[in-house]
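**Student:** The chain contents come next:
Number of protein chains: 2
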Amino acid sequence: MSMLFRKVAFVGIGLIGSSLALRIRRDGMAGHIAVSTRSQETLDKAEELGLGDSYTLDAAEAAKDADLVVICVPLGAYSAVAETIAPSLKPGAIVSDVGSTKSSVITDIAGHLPEGVPLVPAHPVAGTEHSGPEAGFDTLFEDRWCILTPPEGTDPSALDLVTQMWRRAGSNVEIMTPAHHDLVLAITSHLPHLIAYTIVDTATYLEEDIKAEVIKFSAAGFRDFTRIAASDPTMWRDIFLKNREAVLEVLGRFNEDLTMLQRAIRRGDGDALFEAFSRTRTIRRGVIDAKQA
Amino acid sequence: MSMLFRKVAFVGIGLIGSSLALRIRRDGMAGHIAVSTRSQETLDKAEELGLGDSYTLDAAEAAKDADLVVICVPLGAYSAVAETIAPSLKPGAIVSDVGSTKSSVITDIAGHLPEGVPLVPAHPVAGTEHSGPEAGFDTLFEDRWCILTPPEGTDPSALDLVTQMWRRAGSNVEIMTPAHHDLVLAITSHLPHLIAYTIVDTATYLEEDIKAEVIKFSAAGFRDFTRIAASDPTMWRDIFLKNREAVLEVLGRFNEDLTMLQRAIRRGDGDALFEAFSRTRTIRRGVIDAKQA
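Taken in sequence, the protein lines are chains E and G. Following the numbering used here, the numbering of the first sequence begins with 1 at its first residue and continues without gaps. Following the numbering used here, the numbering of the second sequence begins with 1001 at its first residue and continues without gaps.
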């Protein structure tokens, strides 16, 4: 298949970045892949894994002459990265990212970019509980969604190139506004992660003998939460800080619903519990029908 | 292998009961399997599936002459079942169950049983999100825990027979007190289910267009919760009513921890979030080390 970009630069190369780099290479989407990281250690690892064609600790150097720059660092570092790379971006270079919140991308990046540099924020809804460049694999995005949230007036050819890249990575591309993305993901991803982190944290404070048994009998449900709660702490800290409003909104709803069930348990109101536990089956059927199960 | 019981009676035959019946048959653990259910429909299904040797709507008839009676109905029906079968139990017949809470078994069953009828409550920690006799399969209990909570002074030979049955079904048998069981399971199973039901219920009340997208993008974490929240509503209503004290205790701890994280998000306290999200990795490592992942 045809090349999409002469040069692609990765700023940061964790699970998502390395998986995308491997796929770009495999499908011949770029002539040159430049990799930059903040730490020498990660850079060495990326080189060992052969993820790119050139390696540097200087994000500006990687971004120089690139047709596409993909920012793959934690959300908290976006602003600094944008400031660093802005002066070396060539006219028409596309800037994109892979972050889990999207309103914050506009705030943190758009203002730093020179005129004529289109910003096409992306969120590949894919991942595992593992992190780092060694966790990447080139089929990570197959049959998964990739949500693009281009600001109004984004150059259509830039949007088209980024769309083509994700489609060739195997993803179904969906376009929505940043605010809408952030609300939907607050429910489907951010709240579940917060809850999973909380329940595992609650177990962390148990007496040692109980804790040992919680681990032993974790297959009864708890285990699934420990997997979710094993995700990268820096990435998730930044997600909650960057999507604060939407997360607090859905968390408020969740708390009301949980309090209602807690009250039903305390008062022995079996009917209320039965009704709630039956209602939830509709959503599960929806998930199965949508082939997301 | 040798026969353990001349006659085993099942009172109720859902996912767990049917799986155990199939395994008892496969391993030649019983000479006769009697099946009783409350509804004709379930009884017909059990007969179609060939789960037993005799079928009746009368639990007392099934229990007559049985060496082992396994109660496999929702916890809320235990007391009525015990009252019904008590007069037809022969001396030395063992009564057991497969319920998810264990203190309540003593309260609901022990008082109804005649002298000389040992009670050996059991909780096979296994299951799927499916329910009903057609969901059963004979390997469900392999490499899973089965917790026995015999009351003090239980006839050792009765305990030994029930232990042998579960070992031959492929389970690792563990013995503990009912109160200890109920606390450990409140954390590893009951709280995770309550949380999963709640988060899916929260999504149920969203506007229709958002709900459709929540289903579409459910793979981002939400999906795992919908699977847990698809479990049988009657069974789970009864679990929360029967293990109220332990569930409210761990739910109180969970709420405190969640409030702490909510406060950290609202105040933008990244350090508190990072610390909590790092602490939880220790438990995950424990789960992996215990080969429960």
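Hints may be right or wrong, so weigh each one.
[As the list claims (entries may be wrong)] Facing chain E, from chain G, some residues (calculated, C-beta under 7 angstroms):
1. L1043
2. L1057
3. S1157
4. L1159
5. S1278
6. R1281
7. K1291
[Claimed, not checked] Simulated pairs of lysine-lysine, DSBU-like, Cα-Cα distance not exceeding 30 angstroms:
8. K1090(G) to K1045(G)
9. K1291(G) to K45(E)
10. K291(E) to K1090(G)
[Stated by the list, open to error] Far from chain G by the CB rule (all over 10 angstroms, computed), these chain E residues:
11. G111
12. K211
13. D257
Hints are computed from structural coordinates only; laboratory data are not their basis. The beta carbon of each residue, even a glycine, is placed where N, CA and C say it ideally should be.
**Student:** Confirm or reject each hint.
**Tutor:** Do the hints match the structure? See the list:
Taken as an interface hint, L1043(G) does not check out: its beta carbon lies about 23 angstroms from the nearest beta carbon of chain E, beyond 7 angstroms. Because the smallest distance between the Cβ of L1057(G) and any Cβ of chain E comes to about 24 angstroms, over 7 angstroms, the interface hint for this residue is violated. Restraint check, S1157(G) versus chain E: the minimum CB separation of about 27 angstroms is more than 7 angstroms; hint violated. A least Cβ separation of about 20 angstroms between L1159(G) and chain E goes past the 7 angstroms threshold, and the interface hint is therefore violated.
Taking 7 angstroms as the C-beta contact cut-off toward chain E, the hint placing S1278(G) at the interface holds, the least distance being around 5 angstroms. With a least beta-carbon distance of about 6 angstroms to chain E, the hint placing R1281(G) at the interface is held under the 7 angstroms criterion. Nearest Cβ of chain E to the Cβ of K1291(G): about 10 angstroms, over the 7 angstroms cut. The hint is violated. For the given pair, K1090(G) sits about 28 angstroms from K1045(G) by alpha-carbon distance, which is consistent with the 30 angstroms threshold.
In summary, the hint linking K1291(G) to K45(E) is supported, as the alpha carbons are separated by about 29 angstroms, within the 30 angstroms threshold. Between K291(E) and K1090(G), the direct Cα distance comes to roughly 52 angstroms. Violation of the 30 angstroms bound is thereby established for this hinted pair. Non-interface status of G111(E) relative to chain G is upheld: no Cβ of that chain comes within 10 angstroms, the nearest being about 20 angstroms off. Non-interface status of K211(E) relative to chain G is broken: a Cβ of that chain comes within 10 angstroms, the nearest being about 8 angstroms off.
Not every C-beta of chain G lies more than 10 angstroms from that of D257(E), the closest at about 5 angstroms, which undercuts listing it as non-interface.
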